[in-house]
Structure formats: structure tokens, C-alpha cells
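Asker: Residues per chain are reported as follows:
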Amino acid sequence: MRYVGKKLIALLVTLAAISFVTFFAFTIIPGDAATNIMGMDATEEEIEALREAMGLNDNIFVRYGRWLLGVLRFDLGTSLQYSIGVSELIGGRLKATAGLAFESLLIILVLAVPLGLLSALKPNGALDNCITTLTQVGMAVPQFFLGIMLTYVLGVLLHVFRMGGYVSPGDNFGAYISFLFVPAITVAVPKLSMMTKYLRDCIVAEKRKDYVRTAKAKGNDAARVLSHHILKNALIPSLTFFAMIVADVFAGSIVCEQVFSIPGVGRLLIASISNRDFPVVSAIVLYTAALVVVTNTLADILYRAVDPRVN
Amino acid sequence: MKKFLFLVTLMSLSVLYGCSNATGKGGAGSDGGNVVVGITQDLDSLDPHVAVAAGTDEILFNIFEGLVKVDEYGNVNPAVAESYVLSDDAMKYTFTLRDNVLFHNGDAVKAEDVVYSLKRCAGFQDAYDPSVSVESAFSVISEIYSPDEKTVVIELNTANTELIYYLTCAIIPKGYDKQATDPIGTGPFKFSSYTPLKSFVMERFEDYWGTKPALQKVTFNIYANSDAALPELMAGNIDIMTALENDVAAQLKDNYNIEYANYNLVQALFLNNDFEPFKNPDVRKALCMAVDRDQINNMISDGHGSLIGSGVFPGLSAIFAKDLVNYYPYDPDAAKELLKNAGYADGFSFTITIPSSYTPHVHSGEVIVENLKKIGVTAKIELIEWSSWLTDVYQGRKYEATVIGLDANLAPGDILKRYRSTAKNNFINFTSEAFDTAYANGINAKTIDEKAVYYKECQKILTENAASVYIQDPAQITVVKKGLTGYTPYPVYVLDMSKIHYEK
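Chains A and B, in that order, give the protein sequences. If you count the first sequence from 1, position 161 lands on 161 in the working numbering, and the numbers rise without skipping. Converting from the second sequence to the working numbering requires adding 1000 to each position, the first position being numbered 1.
For the record, the hints were derived by calculation from the structure and aren't laboratory data. Since this is a predicted model, take the numbers as computed values, not measurements. A couple of the hints might just be wrong.
[To be verified] Below 27 Å or equal to it, Euclidean Cα-Cα: the simulated DSS-like pairs (lysine-lysine) are:
1. A:K95 / B:K1178
2. A:K95 / B:K1217
3. B:K1380 / B:K1322
[Unchecked claim] Partner residues aside, some chain A positions facing chain B, computed with beta carbon under 8 Å:
4. E46
5. V156
6. Q258
7. S261
8. P263
9. L268
10. S274
11. T297
All C-beta atoms, glycine included, are put in the ideal place defined by N, C-alpha and C.
Let the hints inform the model, and build the full structure from the sequences given.
Answerer: So this is what it looks like as C-alpha cells:
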């Protein structure tokens, strides 16, 4: 329990540090929301008046303090560009990102374990070579290329998929799930490949260990040794790896969102940076950071639960 | 495990089923139907007085109207106003409001709404809103008031015959504070929904005072770029898309009609006249002769752009000085000679700063770099973000050269006013007393013919001094799905959806 408490404090400190650095970085880059909103033909006085009204002229610590107080009260502020509450803006887009993340995680989970196992059954056998080659290709192929190929084949040639056909889950949940399936494949393939390869290597490494020989000597058949002993141990290091993948997919895939025109968090982040829409950028950075830190912390805690050796 | 696999199979089946239902949409018939328009630029605001991006104006034109409204020939015609009178001394505009003009919320437009809207645009103290981009042309206004329910009067502090072109400023309900999220205007379409970076939807306004549009609903889908929209175009899910690159449009000619129009921009290699080599007019002239405008035109719009030789685009036909287009013919040898005489026999180097999001300007820059190599000048392209460009280049004037397109209001003098020595947005640091005088005469002239004389004089001064390397008004390439008609190019940034309809 003390361990969990310590982790939680570390988590909060990390988030505070990250949010401050974001704040600070934003004051260094040229241009601000006021110049951006007023456009080309505004006078310096007009821009100054808007800056003042938006509170951009205050000292960085004052602004950071104001923002932090808001966050502590669960108020992320209002988008300077869209005049919409930041929570509302991001909330709407999280639906897309989360759906995409869940589906790709599902694909990874369902396929990585059996593929890794099959591959490790006979290291350097035909099946292993085949799967390893595929994972190499899967890791190497750029996401945008895979996305474009999939849409070309499924959308343009076969007409079974509509590329910009994203529907909000509230409107039609079935269509939402089915649309996100193809982008989810795009997101999943490289990560699935890495996960499979990693798992395979872990299993192969475990297989050589003494306890496996002992288990076999005790009369267990190969399948039982694999499922009850090797897999259990091989899955532990994969847990951390999987946690990284979780954080990664939930942060939103900018490339995938661009290719499939999915209104997710990634595209919003890019647009908000160029609009100098500070409240939105801060909120998304905070979300992403929290995601990484929380999943890693969870993985650490889980690690302790499944592996008594870690102390 | 077995259960899991079963679930997955079930899911993929439902995926295939769901997808097969998702194809094909849109409407038919001459009255009604829906249209999907692809755009690549998100709206910068839904509040017409706050929005500054040309891409936003293009869409909001359908939702909002001013006292007057632009037509496809570049005229301004009465809209919310029924008629207007300009006093002989050009110091007082009197507008008579049209009866039965309704806002999209059903309220009738009253004189106080008009006064409020104009004051907000003009930045008058009692309607001051710092987020509004105040129209600088409104600085000539001294008073806006309504003597009675049907009349609005604008009094000026100096004679001005061009103000009418700015009175396209949107009329909005007085004191309505949700304009940025739920805009209300008087146009032929009313706002329906907006999802940032995804879509903007509008519907036909049934109580519109003028000719009602044929289309029932128009959805603008926002894509990251035209590459992202291409598969959607190939699958026929987009009906109209503007601002396409030529090679993209060419792939679509089986199902779409390709329309070429002008962007109504002055695209140029703008030179900072205060930067050392560019202080010398001969150096600027040399650059004008060294840049192959035809090559740029072919490169970015397959030769469909219109070459220019000065700071006005051809769409402003009344004042456009046609004779200046070929004032500097492409002649690298003569350019080299000029450079030599100016003391730059060995050439020099400079940086061209271009906003990275504007691909055509970036491509133009690349051609320019190659062109200049031939006269021994080394140019380097630096790509920066739009926000940085605004602050550093446009407002800060901390740059050597840039490639950009400048747009303008239809008011004849608007595109030229930045070259006045004292203009705040004179970002090329051009100074010429002769220009200032000619411009002032143009503004004060009463008739368009008189104005044309002075404004042509202005253009001549710009060209003779080689203020910058003027290139072209680039071609705006639009694809319109076969079966749809009524696409009408305007001499300003407008995508008029009220004229578009399905063929019978």
C-alpha cells in the first residue's frame, strides 16, 4: 500500500512538471492565439486588446497558477479558437480515439498471444520463420502506407468500406464500431508485430531455463509445461510492453486520423498547436502524460502482483 | 479462448455487413437534395465579424448577408437593405431596409440590429469586442444611427466612395452572444451543426427573403489535406471540392467536371525593400526578369493561372492594368547584366520564408530557387508555421523575401492600400511619394473611371520600381460531380451554394 501511495505522489509530481514545461514552451515559440485569431490585417493595438482580454499578458506563473486551479476544480477552460469548453471539445473526440484504441488493443490481444506461441513452438522452424518475416514487414511498413493500401483495396476497389464514414457512437453504435475496424487494423499491425516478436523471444528464452527441464522431468507433457509454466513467466515482461502500447494507442494516432479523417485527439492536438490554442494543447498534453504515467504505474503495480520476486 | 475467437468472427462479420450499407448517398431531383463539399481548411470562427480566413468567408457567405451583397460579376447589390443613397459630397450613406427580412431564429431584422452589427464591425466603443477583427476601412465612419425603423444612416468624416464594398459586413441580431457557437444570420442557408476539424452543416432557410436555394442540406467535410480526401473523391462520396492540386483533379475526370477559376490573389515573391540587396531597385528588377512566371503557373496550376505584372489581380477588372503583365519579360541574361551593373556580378544569397501549410507557394518557391541559380543568386527556402509567419514576417517584417498570395475586398483601392508609405501592413517596406499621391487621388475620385486612372498609375509605379516579383493569380481548381450544376466562380472568396442544384 505504501508502494501505491509513493507511486501516486510520483505521478502527480510528473504531471505537474510536464504541464509546466508545456506552458513554458508555449511562451517561447513565436505567435500567440491573439495574433492568430486577428489574422493579417489587424493593428498592433487590436491584437494587444485581445491579448489583454484573453489574459495572455499576465505573468507566466500567474497564468499557470490560474490554469492549475482550474484543473484542480475539473475546469479545463475554454478553447481560444473554437469558443467551446475544452472538456466538451476533447470529450467529443475522445470517443473516436477511445473506440479506435479499444478495437486495436483487442486485435493485438487476440492475435499476439497465439501468434507468439505458434512462432515459439519450434524456433527457426518453417512456421516460426514465416511469422517472424511477417512481423518484420508489419513493423517496417509505414502506417500511412498501410492505411492508404487498406482504403484503396477495401474502399475504392471492393466498396466495403467508406473512408470518411466515421459516425459518432451516439448516432449509430454499430456503424461506429464497424467503421473503426479498418483504422484499428492500421494502428494494430505494427504494434501487433512488435508484441508477437517480443512474446516469441520471451518464450524462447524461458524455454531454455532450468525450471522447464525440471517440469518436464516431473512428467508434465509439453503443452502443460507451455501453458502452465513458460507462458506464465513469459507474459510478465510482456506486461510492461503492453502497457506502453496501451498508452500509445489511447494518445491517438495522428497519422491514422489524418488518413481516415477520424475526428480524434491527435488531429486536434496538431491543429491546436498551430492555432496556438493553449488551453486545448495543455489539456491534451496533460491527458497524454497522465495516460503514460498511469498505465506505467498500473503495470508496475500489476507486476508486483503477478511476480512475487519483484520487491 | 474459443469463446473469444467466436466473438471476433462475429465482429468481423458485422463489420462487413455494416460497411456494405454505408455506401451511396446524396439526393436527386432539381428541388432539394443534399450535397457534400470537401474542404481542407477548418473554419477559424463561426462569428462572421471574428473570422478572418478566406476559407471561412467562402462558407459563411451562404449564412450571412450585409446591407449589400457581392455578385459573381463583382458588383455589390442591395441585400438586407432595399436601396441606398450616397450624398453628393460622398459623406453620408442612407440605407432603406428591406421589408420582411428574417433572421434564422425567426425574428425580423430591425434597424437596431443593423446599427449594432455595423458598430461591432467598426469597433465603436458601445459595441466593442476585442475578438472582432475591426475593418480598418470603417475608420472613415463618424456615426451610425437609425432615424426611423426603416432607415440606417452612416456618416463619414471624410469623403469616401468605396465604403459600400465593405458594407457586406454581416448583419446579426443585436446583443446575441452565441455567434461563435450557434451563428444566426439572414442568408439563404442556416447553420445546423459544426464539429471542429470534422464538419460544418447548413440547411436551406425556408423563410429566406430572396430566391431560395435548391439544395436542402450542405455538409462541408473538413480534411487534413487533399490527399486525405482523394479516396473519398474516388469513391464518389464528395460532391464538390475546391482548392485541389491539378494532378489530383486530373484523376477524377471520369466522374467529375473540372472547373478552373481564379483564386483572386496577388501571388508574388515579396521582397523586403529594406533588406540590403533589395534596397537597390535594379536588383529587384533583375529578380523580376529572372523568375519564370510561366514555369510557376505550369507547375502549380497546369497553366490555368493568370499572370500579373503588378499588385492587382485580373478579377478587379475595372482597375486592372493589363499592359503591365509583360513589363518584365523572362530574360535571365538581361537580369544578369542588371545585377552586374548594380554591383552584384557574383550574385548574393538570401532566404525565402514561406508558410509551410501553403503547398502551392512552397512549390512556387522551389521553382524560384532554381530560376535564380541561373543568374548566380542563391536563394534558400525556410518553411515556417503560419502563426510564426504572421508574427515574424507580416507584422514583424523580419524577413528577406517570402512567397504568399494576398487577397482583397472588392473595393477598388483595397488591394493597393498596403503600399502606402505609412500603411501598417506595408510589410515589404515600399515607399514612394508618387504612389501615395496617386492612391489618395484614387480614393477621393468619385467615379470608377476616374479611379481607374489613378489606380492604374499606382500599379505602374509598383511595376516600374519592381516593388516585388509579381507572379500570378493562381488557378483555383474545383471538381463538381457530374449531375450537379450551378457552380459559379466569384471575383472574391465565395462558394455560393445557393446556385447549385441537381440536373433534371
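Asker: The structure should be examined with respect to each hint, and the outcome stated for every one.
Answerer: How the hints compare with the structure:
no., hint, verdict
1, A:K95 / B:K1178, "holds (25 Å)"
2, A:K95 / B:K1217, "holds (26 Å)"
3, B:K1380 / B:K1322, "violated (32 Å)"
4, E46, "holds (6 Å)"
5, V156, "holds (5 Å)"
6, Q258, "holds (4 Å)"
7, S261, "holds (6 Å)"
8, P263, "holds (4 Å)"
9, L268, "holds (6 Å)"
10, S274, "holds (6 Å)"
11, T297, "violated (28 Å)"
The structure shown violates the earlier hints numbered 3 and 11.
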